[in-house]
Every structure is written in C-alpha cells, then in structure tokens.
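Participant: Sequence:
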Amino acid sequence: MYHDSSRSGFFSLLVDVRGEKRQSSHRLADMPAILNLVDKTRDTWMSQAEFIRPNRRVVNLARLGLLFTDLDTYRIPALAGRTPDQLARSVLYFCTEEGLPAPSVLIYSGRGIQAKWLLDGTIPRQALPRWNACQRYLVDRLAHVGADPMAKDASRVLRTIQTVNSKSGEVCRVVHVTNDTDGQPVRYKFEYLAEALLPTARWTIEQQRQEQAERVKRKLKPFLLVPGGKADHLRGFSGRQLAWDRLEDLRKLAELRGGVNEGCRMQHLFWRLNFLLLSGATNSKQMYHEASALARELDPKWRSRSKELMTLFGRAKAYESGERVSFGGKDYVPLYTPKNDTLINLFQITTDEQRHLKTIIGPEMALERDRKRHEDRRRASGAVDRLTYENNSLSRQKPWEALGMSRRTWYRAGKPEAARD
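Going by full-length UniProt numbering, 318 is the number at position 318 of the sequence shown; the sequence numbering is gapless.
The set of hints was computed from the structure by calculation and includes no laboratory data. None of the values given here were measured: they were computed from a predicted structure. We put the beta carbon where it would ideally sit given N, CA and C, even for glycine. Treat the hints loosely; a few may be bogus.
In the DSS-like style, the derived pairs of lysine-lysine whose C-alpha atoms are separated by at most 25 Å in a straight line are [stated by the list, open to error]:
(1) K252 <-> K339
(2) K285 <-> K301
(3) K301 <-> K339
(4) K252 <-> K317
(5) K358 <-> K372
(6) K21 <-> K40
(7) K21 <-> K285
(8) K339 <-> K317
(9) K167 <-> K21
(10) K317 <-> K307
(11) K167 <-> K40
(12) K285 <-> K307
Computed spacing ranges between beta-carbons, pair by pair [stated by the list, open to error]:
(13) D352 <-> V38: 16 to 24 Å
(14) E364 <-> V177: 29 to 37 Å
(15) G414 <-> E364: 25 to 33 Å
(16) D85 <-> E375: 23 to 31 Å
(17) T181 <-> A29: 26 to 34 Å
(18) R173 <-> G322: 53 to 61 Å
Turn these sequences into a full structure, and let the hints guide you.
Facilitator: Dropping the structure here:
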C-alpha cells in the first residue's frame, strides 16, 4: 500500500529466529518475491520507509509514504480484553475526539493496533523534520490509547501482516480500511496532514520567539547549565528543519568535492551527527548506529572510534532531557549551533560551492539569493526588467517622429498612432 516495487531503493525486514533477531535489507524491486518467502509462523517486522542504501538508518532515508502510530492498547486497562474489531472502533472514535483525520488502515498486530495514514505519493528526505513533527503530534494526541513514544521514527519497523505474533498466537491482519470515493484506502496529501496536525507547532514557535525576546532584555548572566523538564514535542520545528538542511549541505559538499579525505573524515562525521541529533531525526540511544552509517558513507572501510564522539553523546543526553546552556542572557541547547560563517571557515567552503548549498552560505550569497527571490516575485506580479521597460518606452520608440510632429504636439493631439501600411 505504501511501498512500490517499481521504485529504486531498499526496504528492511527483521525476523525473530529462535529468539535471535536477524535483519536483512532488499531492493524494492525484489519485494514481491521476498515477501512470498517469509515464514509466516515467525515474528516478522518490516520498515515503513524506503532507503537509498541496504541499511535502515535514518541517514540513508530515501522517502516516506505514510504517517503511523503503534498503539499498545493492551497496556490501557479500559481497552484490555477487547476484540480486534472493538479496538478498531475505539481508535476511530478517539481519533475523531482528538480532531485527527481518520487513519487509512488499522492493523491488528496481535496485541495492539497499528494506525496508518497513507500519503498520496511519497515525500522526500528533505521533508523529514516536518514528518517528524507530525509523528510527535500523533503520538502525543493518542498517548491515552497506548501510542508508543519510541515507535515514531523513520527507521522504525512494524509487524508484517499475515505473520504470527508469538506473544499472543494471533495473526497480524488488517481490521479496518477507510475507503475513498474510488473504493481504495483513502490517501492524504502530506501538506493537508501537516496543516491539520501542526498548528500547535507554529503557535509554539511564535511563543518561543517572544520568550527569546524577553530573555534578551534581562541583564547578562554567567555561563551555567540550566536543568529543565522534557521539551515540548512540537517545539522548535524551524530549528529542526535548519539542522536537517545543514546535514544535507555537508553531504552535498562532500559530493561536490568528490569525497572527504582521511584527515577531514572525523570533522565531517562529528558535525553531520550533531545536526542529525539537532534535527530530532535520531536520539542518543541510536546515535552510534547512525554514526556507523555516516562513517560508511564517508568511507566504506572506515570504522570511527566511538570515544571521539563521547562529548557529543553527553550533549545529546542533556538536549533530550530539556537542559539549556545559559550564556550572555540567552539560553542555548547543549548541542552545537554554529553560525554560517563558522561552518564556512571550518570547512573552507568556496563561493562556487555555496551556490550548490541550501543553508550554509555567506552574506554575499544570501544577498544574491534575496535579490533573485525579489526579482522572481516582481516577475510573477507582472513587472518587467529595466531593459524591456526602456525598449518599450515612448522616449525610445519616438512615435511622433513618424507623424512629423514634435513630442509636445503629439501629446497635445492625444498621442495618435501612425498609419500602418
């Protein structure tokens, strides 16, 4: 329903073989054949996203075709003991109560419910921060029906339909489909879902800006670490998007340079991982797995030393616990948030290279792009460039000369046109 074997890329399977979980990745083109070979008597899970490499780490993400929540309804006393059909009706009711669009499909996992909102097409990796924000919102709104907060990331695997859940002996199966007018499962445009789910996020961002402005007015404080509670799930969406875009810029930079030489690999790995953590696409528990995938991307033979990332790991833990670093009257997250100039100098990024990057650019490039955006807006509104304007101007065409008049006489005569042959 959300994987297409005609697309390029990979999907992953996780199979429980006598208590040992074994993972394998396969080309999407081989999916029909691979799924036919799955032993349905074994616990089997499948990745929900598609990847550019045979590894389901989020840094290898290619695209996503759905939103989802894994509802551990068996953990909720009020829902325990209900039949799969009763659970499906309960989930639909709670979605309506929370103002959520109806899930396209509900799947009984053998003990709980998987709710899935299918997309009309797929979204690229660039949209991951917005997708993550939607996922966090869904988990937050459905927490009272058992939404698993650990099962919301793009690298997640969920139990495969028609396979047995060994904990209950039940077969994983579809228990509800919300049909569209064509009789097929309803598919939503991602923009529609984002608008439906993220107004709270935009409000929170505006609230943060006001709080930051108030902090600037306070007198300077000494450097200190401020302990804090768990941060809002939807907080700082724009910052997460910026972090993800910077990660993509560093990957693009390596591509432009034909790779990263040995002396710069750790520098690239450190900053890529830092921005990946800032984007919210991974967490400290998965950090070293993502680091391994990033290291292989830099050099398939390179095995980075984990001790060099221990400082980043500590900062990631502090970031997740909601701590802030207070300095100069402002509060900052524990992870690194460098300015563009810092990154440009650190990686020696040239002006030509900046033309291919999205966010890591200098003031001159930013001004150039701003001018281009302004020019495009003027074109869209019907404005013409100066050369076209001047070429079409009366002072350039001088229509009075064709009539043997002076300019003043021509205007007084009501700007007559010359006779055409």
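Participant: Which of the listed hints are broken here?
Facilitator: Failing hints, ascending: 3, 4, 13, 14, 15, 16, 18.
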